[in-house]
Amino acid sequence: MSVLVVAEHDNSEIAPATLNAVTAATQIGGDVAVLVAGSGSSAAAEAAAKIAGVSKVLHADAAEYANGLAENVAPLVVALASGYSHVLAPATSFGKNVMPRAAAMLDVQQISEISAVVDADTFVRPIYAGNAMATVKSSDSVKVITVRTTAFDAAAAEGGSAAVEAADAKGDAGLTSYVGAELSSSERPELTSAKIVISGGRGMQNGENFKMLEEVADKLGAAVGASRAAVDAGFVPNDYQVGQTGKVVAPELYVAVGISGAIQHLAGMKDSKVIVAINKDEEAPIFQVADYGLVADLFEAVPELSKALDG
Amino acid sequence: MKVLVPVKRVIDYNVKVRVKADQTGVELANVKMSMNPFDEISVEEAIRLKEAGTATEVVAVSLGVQQCQETIRTALAMGADRGIHVLHDGDLEPLAVAKMLKAVVEKEQPQLVILGKQAIDDDANQTGQMLAALLGWGQATFASKIEMGSGEAKVTREIDGGLETISVKLPAIVTTDLRLNEPRYASLPNIMKAKKKPIDQMTPADLGVDPAPRLQTLKVEEPAKREAGVKVADVAELVSKLRNEAKVI
Ligand SMILES: Cc1cc2nc3c(=O)[nH]c(=O)nc-3n(C[C@H](O)[C@H](O)[C@H](O)COP(=O)(O)OP(=O)(O)OC[C@H]3O[C@@H](n4cnc5c(N)ncnc54)[C@H](O)[C@@H]3O)c2cc1C
Ligand SMILES: Nc1ncnc2c1ncn2[C@@H]1O[C@H](COP(=O)(O)O)[C@@H](O)[C@H]1O
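Sequence order for the protein chains is A and B. Read in order, the letters of the first sequence correspond to residues 1 to 311 in the working numbering. Read in order, the letters of the second sequence correspond to residues 1 to 249 in the working numbering.
Excised from the complex, chain A in its bound form (with noise of 0.2 Å):
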């Protein structure tokens, strides 16, 4: 058994979400590769060279790798495919959008999101928005898969000593281009993987309110989410969205303010270690999965923990 696990860096640093996906790997055994497909990509393939646990780097390095189009890095893993039982990603949106191409190159059923492994044919994941644990059997000569983050530790980022062996690239598919990104910038830990995370919801009423929640997240060295209502209202940008079809995230604690706690925003968050809700509604759902409650009105209970958090 051997696995491939396919990076997810920006050229120069491995992303976080790549050492939870060689947890899973080393989870099913065998030797562990990883993929590095970039350009200018060195500084990332020899980070991906020292992650605990990996034998082998992959290195792709070739300007059609550069912004991580499917289409161009798909053939590669397809390519790459044949010498391992299993090739693996995270779930990330890097992940989701180049890991079915490359299954269905290789005629294989993508197992998506796996949250455990029970051996190297079968394993578990969340369907209907968490509220079912599926466990499944592949057959397939290779086993496609993406890796729920949260659900398996991050792997040592040091320690290991891999050899980096440069692997053919495989040319530019032609059909897709990159024009460009407006990525969120911002100081604060990175959502999926912050140990606090604090949300706010249509409660919040409007973007300018979620300055009082950054106060919050940042006298806890927390990173700020949202749930989807608060993101379609434009409070937020689309990148704080937590839940079924935004981020999954599962801090040590989990702060919900002015969420109602539908099962889509449930699904994103409620393998928090501790979940705190703050709602004026003592009926919302949220109530029903937070460690601690507080039935209060938020632009009265924020700033006044802001003050707590001094003292």
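Calculated directly from the structure, the hints in this document are not laboratory data. Heads up, some of the hints might be wrong.
Unchecked claim - Within a straight-line C-alpha distance of at most 35 Å, the following computed DSBU-like cross-link-like pairs (lysine-lysine) qualify:
1. B:LYS102 x B:LYS197
2. B:LYS107 x A:LYS170
3. B:LYS107 x A:LYS280
Unchecked claim - To spell it out: a stretch of chain B is covered by chain A in this simulated footprint if at least three of its residues, at any positions, have a beta carbon under 8 Å from a beta carbon of chain A; those stretches are:
4. 150-161
5. 218-224
Since we're looking at a predicted model, the values are computed, not measured. All C-beta atoms in this analysis are idealised placements derived from N, C-alpha and C, irrespective of residue type, glycine included.
Please build the complex by placing chain B with the ligands on the supplied structure of chain A, with the hints as guidance.
This is chain B with the ligands only, laid out in the frame that chain A set:
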């Protein structure tokens, strides 16, 4: 330009899903079914392209049991022109769906296929990408904005870090994200009109595809339940509990 819109029949997003006692799946009997919400967004986008004069025809396709025709009728009532129903009673996985859609695309020759990014039942998020692979087309997934050009489309995508814009050659696959548009409700006259619009029916065999699942589902279980928590009286008690009891701040 023809636009093809695959629409899936799923348990309505408001329904509290229950796992069957025998662990073979979830309860589907007497449960409200609807069009996958992301597919409503796809239908809306296709209709807007038609209203803008960019698209000439919108064809809705659904694969699955006989009642998928209701899902197709919903798309027709929103404004799609005709429907295609691939009748199949068993479970369908994304790879099989993509293979059948490929066969439909080869017959219909659309310039654009708009799918949902994810079906809210299997939460697979695969079919569009797989269809693009099988056709050898470009894929613009998780779209929050589509600008049609000549021979290409410029698509803004929702990604983990924010937004990304790519240009994709036509014909192409697009999958929709939540912010692309707000789907319309069908008006009563349009619901009446939709009853007269044609729906073609075929089978997986007609399309030359074996629809048998590849994955074996060993069991379906309820997720672990969270222990009931407590209500705190005020912010001071909350902070004290977080510090001294939960020890998370
Ligand atoms: C296909 C699909 C996918 C979806 N994906 C997601 C997803 O990924 N993530 C997600 O979050 N949602 C998702 N949703 C939406 C979900 O169904 C809910 O609509 C959404 O989560 C509601 O957001 P909310 O709790 O902020 O708003 P609401 O449900 O409107 O709740 C607002 C809450 O704020 C409280 N409140 C108001 N004012 C105050 C105040 N002053 N003080 C204290 N409390 C106050 C209210 O009591 C209420 O409980 C999805 C829906 C669909 C159909
Ligand atoms: N049985 C089906 N019939 C029609 N469309 C489907 C079907 N299954 C999947 N799709 C399409 O593929 C999208 C993604 O589904 P999935 O890959 O299962 O998450 C859906 O939003 C639909 O547009």
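8 Å C-beta test of the stretch 150-161 of chain B against chain A, three or more residues: That given contact holds, which follows from 6 residues of the stretch 150-161 of chain B lying within Cβ reach (below 8 Å) of chain A.
Satisfaction of hint between LYS197 (chain B) and LYS102 (chain B), Cα-Cα up to 35 Å: holds (23 Å)
Assertion that chain A covers the stretch 218-224 of chain B - criterion: three or more residues, beta-carbon distance below 8 Å: holds (count 6)
Hint consistency between LYS107 (chain B) and LYS280 (chain A) [alpha-carbon to alpha-carbon, up to 35 Å]: It is violated: about 56 Å lies between the C-alpha atoms, which goes past 35 Å.
Straight-line alpha-carbon gap LYS107 (chain B) to LYS170 (chain A), limit 35 Å: Distance of about 31 Å is within 35 Å: holds.
The structure does not agree with numbered hint 3 stated previously, though it agrees with all others.
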